[in-house]
Amino acid sequence: DKVRHEARPEAFAAAVAELEASIAEREQLQADAIAGPIAQATRQEKAAAASRSARKAVALRLAGEQVVALVATFLEQRWTPVLTLAYTIEESKPGAVDNATRAMDDLIWSVKPKATQEERKALIKRLPGLLTTLNKWLDATGWQDAERLQFFAALAECHASIVRAPIELSPERQLELAVEAAQQDALRRIAQEQAAIADEEAALDPAASALAVLVRGMRVEFSGASGVRKLRLAWVSPLRTLFIFSGAGRQEAFSLPAERLLDAFRTGSIRVLAAEGVVGRVLTQAAGESAMNDPSLAAQAG
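Here this note's numbering is used: the first residue of the sequence shown is 8, the next is one more, and so on.
These aren't lab readings, by the way, just hints derived from the structure by calculation. Bear in mind that the values here come from a model prediction, so they are computed numbers and not experimental data. Careful: at least some of the hints might be erroneous.
Claimed, not checked - In silico DSS-like cross-links for lysine-lysine, where the CA-CA straight-line distance does not exceed 27 Å:
id, residue 1, residue 2
1, Lys119, Lys100
2, Lys63, Lys143
3, Lys63, Lys100
4, Lys63, Lys119
5, Lys143, Lys100
6, Lys53, Lys143
7, Lys143, Lys128
8, Lys132, Lys143
9, Lys121, Lys132
10, Lys119, Lys132
11, Lys53, Lys100
12, Lys53, Lys63
As the list claims (entries may be wrong) - FRET-style restraints, in silico, Cβ to Cβ:
id, residue 1, residue 2, range
13, Ser58, Lys132, 29 to 37 Å
14, Leu26, Ala215, 33 to 41 Å
15, Ala147, Ile169, 45 to 53 Å
16, Asp270, Ala31, 19 to 27 Å
17, Gln157, Arg223, 29 to 37 Å
Cβ atoms here follow ideal geometry from the backbone N, Cα and C, with glycine treated the same way.
Starting from the given sequences, assemble the full structure and let the hints guide the process.
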């Protein structure tokens, strides 16, 4: 009204300033409203990422190594939580992941046959430090039951049998060990190459490319059973696994995981809208009071 009645540049500038102030205030209210969910989502994302990294690290080693059953079971059931903890605290305690990973690799090495006196001496020398590191990490994860004592007793017997085994190996046995080592190296390389290929294939996915360019403040359009709704991307988690969208007015924000958004891009039920000016944003907010009432969007958010 002010612009229509006065029709002067300064009046228009003042109106735009008022609109910008109104938008800033509304966006601040929206930011305050989602502060709690953002903090919780960030914690959950960090924990999930740590768990994935830990499982992947263990799986790569078990895929590329012939690990004795005692240690393989231990790594899957007990060392995966240790690595998860290490990845979780790496930011506050740099080196935690390297320490836990080296302990895992040393443990795998320790239960392999030692064909020479030098190898056995090296095992005996490294065992005290290895056992100390293993126990410190297991204490940190809270594994304190009788099963832990049984594991270390069995591990001690395994190490003792390695040290007591005859030193002299027949040429056939030496060849067998050499072939075994070569096969393990090949399996490890294959596992690493397959993981790299999977990452490359994911990067070539058009839906993944569309998701990668989403940033806070972008407007998107969802097509659902009840029609088309326009929303604003209010927040993206640090690792881009969770996205929070907000509607107009006092409508509650909701979150969607990256997997659901990928599906939406693949089916064409979401598209990114062009950026709009201040007046356009106000009109969108005014016209979109029902933006969050779409049952199909509520179903996605749930």
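Okay, the hints, checked on the actual structure:
This hinted pair does not check out: Lys119 and Lys100 have alpha carbons roughly 31 Å apart, beyond 27 Å. Between Lys63 and Lys143 the CA atoms are separated by roughly 22 Å; this keeps the pair inside 27 Å, and the hint holds. Distance hint between Lys63 and Lys100 is fulfilled; the C-alpha atoms sit about 21 Å from each other, no more than 27 Å. At most 27 Å may separate the alpha-carbon atoms for a hinted pair to count; Lys63 and Lys119 meet this at roughly 22 Å.
The hinted pair formed by Lys143 and Lys100 meets the criterion: a straight-line CA distance of about 15 Å does not exceed 27 Å. At roughly 23 Å between alpha-carbon atoms, Lys53 and Lys143 fall within 27 Å of each other, so this suggested pair holds. Of the pairs offered as hints, the one joining Lys143 and Lys128 holds, with about 24 Å between alpha carbons and a cut-off of 27 Å not exceeded. Of the pairs offered as hints, the one joining Lys132 and Lys143 holds, with about 19 Å between alpha carbons and a cut-off of 27 Å not exceeded.
Straight-line distance between C-alpha atoms of Lys121 and Lys132 comes to about 13 Å, which keeps the hinted pair within the 27 Å bound. For a cut-off of 27 Å, the pair hint linking Lys119 to Lys132 stands: about 15 Å separates their Cα positions. Our distance criterion of 27 Å between C-alpha atoms is met by Lys53 and Lys100, whose separation comes to about 15 Å. Of the supplied pair hints, the one linking Lys53 and Lys63 holds, its CA atoms being roughly 15 Å apart against a limit of 27 Å.
Distance hint check: the CB atoms of Ser58 and Lys132 are about 34 Å apart, consistent with the given range 29 to 37 Å. Distance hint for Leu26 and Ala215: a CB-CB separation of about 36 Å, consistent with the stated range 33 to 41 Å. Taken as a hint, the range 45 to 53 Å is violated for the pair Ala147 and Ile169, whose Cβ atoms sit roughly 28 Å apart. Remark: the range hint 19 to 27 Å for Asp270 to Ala31 is contradicted by a beta-carbon distance near 34 Å.
Judged by the Cβ atoms, the range 29 to 37 Å given for Gln157 and Arg223 is violated: they are separated by roughly 52 Å.
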